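Undergrad: For reference, the chains in residue letters:
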Amino acid sequence: MIAALRKNAWEAGIRIFDLNDDRQGIVHVTAAEQGFVMPGMTVACGDSHTCTLGALGAWAFGVGTSEIEHILATQTVLMRKPHSSRLTVTGRRARGVTAKDLALGIIGRIGVNAAQGGVLEYAGPAITDLSMEERFTVCNMGIEAGARSALIATDQTTYQYVAARPECPRDLDEAVAAWERLRTDEGAAFDREFHVNCEQIAPQITWGTNPGQTVDIDSAVPLLDDTMPANQREAAVRALQYMDLGPGQQLIGLPIQKVFIGSCTNSRISDLEAAAEVVRGRTVARGVRALVVPGSSSIKRVAEERGIHKVFLEAGFEWRESGCSMCIGMNSDRVAAGERCVSTSNRNFEGRQGNGARTHLASPATAAASAIAGSIADPREVGGL
Amino acid sequence: MNPFTTVTGPAVPLNIGDINTDMIIPQKWLITTERDGGGGFFGNLRYLDDGDVPNPSFILNEPRFQQARIVVAGPNYGCGSSREHAVWAHLGYGISAVISSSFGPIFFDNAAKNGLALVIMPETEVSRIMQQLLASDSNAMTVDVMRQVVLGPDNHSYFIAMDPDHRSNLLTGIDEIQRTVESFPYIDAFEKKDRLLRPWIWTSASS
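One line per chain: the protein sequences are A and B, in this order. Residue numbers for the first sequence follow numbering that gives the first Met the number 0, beginning at 0 and rising by one. Residue numbers for the second sequence follow numbering that gives the first Met the number 0, beginning at 0 and rising by one.
These aren't lab readings, by the way, just hints derived from the structure by calculation. Check the hints yourself; a few may be wrong.
As the list claims (entries may be wrong) - Here are the simulated SDA-like cross-link-like pairs (lysine to any residue), alpha carbons at most 20 Å apart as the crow flies:
id	chain 1	residue 1	chain 2	residue 2
1	A	Lys-80	A	Arg-94
2	A	Lys-80	B	Arg-178
3	A	Lys-80	B	Phe-189
4	B	Lys-192	B	Ser-182
5	B	Lys-192	A	Arg-180
6	A	Lys-80	B	Pro-163
7	B	Lys-191	A	Gln-74
8	B	Lys-191	A	Gly-45
Predicted model, so just to flag it, every value in this text is computed and none were measured.
Model the full assembly from the supplied sequences, consistent with the hints where possible.
TA: Here it is in structure tokens:
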């Protein structure tokens, strides 16, 4: 596959950031980091987490192989106007609540098909407050709420980020003036509207096999009683069987065998720094294999310049070359059947990290705290936050 | 792509919601540049121990469903990963149509381009058909895209409201690229105009 990619890219005159390129990385991380995506662009890529790039105020969506072929042949794709949703997030995040917790908490409340395949705009003061890297994390999880594309309106945070990218044109004054207009009109009507107060969201951990099956880390697996809608109950029964958990079971203290810090959701420098803060001066628990996989070679280099890699290595983490790694289990980075993994990735689907693997999605801080404890742990209790 | 008009055959009920494309075709069957994948169709559920031993408790391995041509599934079928292999896996296995109350967006678009018919029916009707398939031995159904009709296992006839683009793609088997090529003058005109309106999109610091 790699050989075919190289050959095809060379023949078609398409630039490729190959394995040995110092800008190489996960496409959704690299595309933004290098400045290939700017506000107002239409961005298509052969991966569902392309919605990550909507954080830059671009219309970014995943496509399949046939659509890629169509785009390469015509520079266009055929599409009907998508369904539109808006999620307004109010309130101020509580201590220790990261963008990942926000993303999971939101999906837990609105559901994995809330956006019905359309575009989801994240809006409101709690979204505007996010840093650019946090916005990528939130938009990345848009597809897990059923949004083919996720969006955040541009502002100074966006412009400052874009202006510092190597591939972006240097003079952006005219562009910024145009980007200022890229926002939803007052009184615009959406097909669906959602409201979430983020003060009610604590650090999250998933207990099931879809990202909406999530709870506050210090609470228990939900009861399968009348408090859960009937249509969710059947899925919950199946998920709990796969995860070897029971209704009402506490999650903190549950022994784990793997920890994965990485993926297009949580592999940026601020993610690695947040995890390192928790890890500093501590060691990975016996019996736990813990991986840190930066999202790009550039991020890896910056982390090494700042000495973050030493914090992980001294604690007993593996410090790896950038890539998708244990998020998708396509190489040898897998979770064995029956093993439990706290993972900063985006999908806890059956078999996602390996056949029979049990994935608990969480933030980098929670993953780090759990690696130290050897069991699911509340990052607020371990310190460093 | 060959035009699709109708399919009649055994239907298999997959009574699970939010079936994702990881489940439809697990990652180990993705390491290929071929558009096949029938062998990996629900691979982790269909086989035991990562191998070739059929898992007797998975519904697709029950004798009456092994020749299935139609899938009847819970809501949000095909959510998750954009892998088109999920569509090819259906076709490779012999499935020609899927009935659900909703589909993952990328899976939906991928299906239309490969001749896999996706039929959206109200949740009450899907669950009625699901219960009939689970309860009785008769599992023959028809999905008729031309007449927009589904015949249930009890021969009850349902009118289906199909997405017009999806339906026309199936019926004509048209090559979308060919259709778009006919619009090249419009695309060129757009690009010329956009270069003036948004020059920053068309230039980069390194090119």
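Undergrad: Please go over all the hints and tell whether each is borne out by the structure.
TA: Hint check:
1. A/Lys-80 / A/Arg-94: At roughly 40 Å apart (the allowed maximum being 20 Å), A/Arg-94 and A/Lys-80 break the hint.
2. A/Lys-80 / B/Arg-178: Between A/Lys-80 and B/Arg-178 the Cα gap is close to 19 Å, so the pair holds against 20 Å.
3. A/Lys-80 / B/Phe-189: holds, 18 Å
4. B/Lys-192 / B/Ser-182: Roughly 16 Å between the alpha carbons, so the hint for B/Lys-192 and B/Ser-182 holds.
5. B/Lys-192 / A/Arg-180: Cα-Cα ~19 Å, so holds.
6. A/Lys-80 / B/Pro-163: holds, 14 Å
7. B/Lys-191 / A/Gln-74: Holds, at about 13 Å.
8. B/Lys-191 / A/Gly-45: Status violated; Cα separation ~27 Å.
Checked against the numbered hints given earlier, this structure breaks hints 1 and 8; the rest are met.
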